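Going down the list, the protein sequences come from chains C and Z. Position 9 of the first sequence, counting from 1, maps to 14 under this note's numbering, and the rest follow consecutively. Position 62 of the second sequence, counting from 1, maps to 84 under this note's numbering, and the rest follow consecutively.
If you are wondering where the hints come from, they were derived from the structure by calculation, not from laboratory data. One thing to keep in mind: the hints can contain errors.
[Claimed, not checked] Residues from chain C shown here face chain Z by an in silico Cβ test under 7 Å; the list is partial:
| no. | residue |
| --- | --- |
| 1 | E89 |
| 2 | Y90 |
| 3 | L145 |
[Stated by the list, open to error] Below, a list of computed lysine-lysine pairs in the DSS-like style, where the Cα atoms sit at most 30 Å apart:
| no. | chain 1 | residue 1 | chain 2 | residue 2 |
| --- | --- | --- | --- | --- |
| 4 | Z | K59 | Z | K76 |
| 5 | Z | K69 | Z | K24 |
| 6 | C | K9 | Z | K59 |
| 7 | Z | K76 | C | K18 |
| 8 | Z | K24 | Z | K59 |
| 9 | Z | K76 | Z | K24 |
| 10 | C | K9 | Z | K76 |
| 11 | C | K17 | Z | K59 |
| 12 | Z | K59 | Z | K69 |
Bear in mind that the values here come from a model prediction, so they are computed numbers and not experimental data. The beta-carbon is built from N, C-alpha and C at its ideal position, and this holds for glycine as well.
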Amino acid sequence: MLSKLLLPHRFKKWGWVILLIFIPLGVIVDCSNLQFPLLSFRLPWIPVDPFTGGRVNFTNTLAALGLILGFLLVAFSREAHEDEYVAHVRLESLLWAVLVNYILLAVTDIFLYGSGFLEVMVYNMFTPLVLFIARFHLVLYGPKNQMAHEK
Amino acid sequence: MKNNLRVERAILNITQEELSRRIGVSRQTIHSIESGKYIPSVLLALKLAREFGKAVETFFQLEAGE
């Protein structure tokens, strides 16, 4: 069973906390090219060039890693009550997210070029997880399922 | 496949929440079975039948063409 790969439920709230921090950071980094001076490093595997001296700034990398960690924790933590229907919705949502992601990617491949396409590819690091999380929670907890007092 | 779980549950006069608690599944599972969105596993179908004290065929029937 795939559910053996899932994290305990308590990790989910930590995922949301991490996303609360890193989504604003990611948006700011993307829009304003924010770079924290303290996060400028010389990495041994980066070739030295006369313009940067081989130094890279880790701000956007930190933002990306934080977002990936947050989305993974939210997406792959168990629900409070995990049963066969939840597992079914999880698998269905994973298939849907991958399919929709590649359809969107194909469309952007046709209509976007150059820096615009690269921008989309950056967002594409996260869209499969975002789509999965959105659909999974919408199916489980969305309006059609909110009949808590149905008799 | 069609089911009349909602009718049988109404006969017992229990909520989806109560039935889900008795069976050991989430309320969303009961709701999705009743609305035909989800076909339960054999295990879950047998648990439901045991809870109501009736045969599985009482709740679940194949439709024409299945």
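Mind checking the alpha carbons of K59/Z and K76/Z for me, to see if they're no more than 30 Å apart?
-> holds, 23 Å
Quickly compare the C-alpha distance for K76/Z and K24/Z to 30 Å and report which way the hint goes.
-> holds, 17 Å
Holds or violated: K9/C to K59/Z, with C-alpha atoms at most 30 Å apart = holds, 25 Å
Hinted pair K59/Z and K69/Z, Cα distance within 30 Å = holds, 19 Å
Verify the proposed pairing of K69/Z with K24/Z, using a straight-line Cα cut of 30 Å.
-> It holds: about 18 Å lies between the C-alpha atoms, which stays within 30 Å.
Would you settle whether the hint for L145/C is holds or violated, based on the nearest Cβ-Cβ distance to chain Z being less than 7 Å?
-> holds, 6 Å
Is the hint on E89/C kept, meaning its closest Cβ partner in chain Z is under 7 Å away?
-> Because about 6 Å separates E89/C from the closest Cβ in chain Z, which is inside the 7 Å limit, the hint holds.
Between K24/Z and K59/Z, is the straight-line Cα distance small enough, at 30 Å or below?
-> Holds: K24/Z and K59/Z sit about 10 Å apart, inside 30 Å.
Regarding the hint that Y90/C lies at the interface with chain Z, is the smallest CB-CB distance below 7 Å?
-> At about 4 Å, which falls below the 7 Å cut-off, the nearest Cβ of chain Z leaves the hint on Y90/C intact, so it holds.
CA of K9/C to CA of K76/Z, is that 30 Å or under?
-> violated, 34 Å
Taken at face value, is the distance from the CA of K59/Z to the CA of K17/C at most 30 Å?
-> holds, 26 Å
Taking 30 Å as the top limit, are the C-alpha atoms of K76/Z and K18/C close enough?
-> Given that 30 Å is the threshold and the Cα spacing comes to 41 Å, the pair is violated.
Taken one by one, the earlier hints fail for this structure at numbers 7, 10, listed in ascending order.
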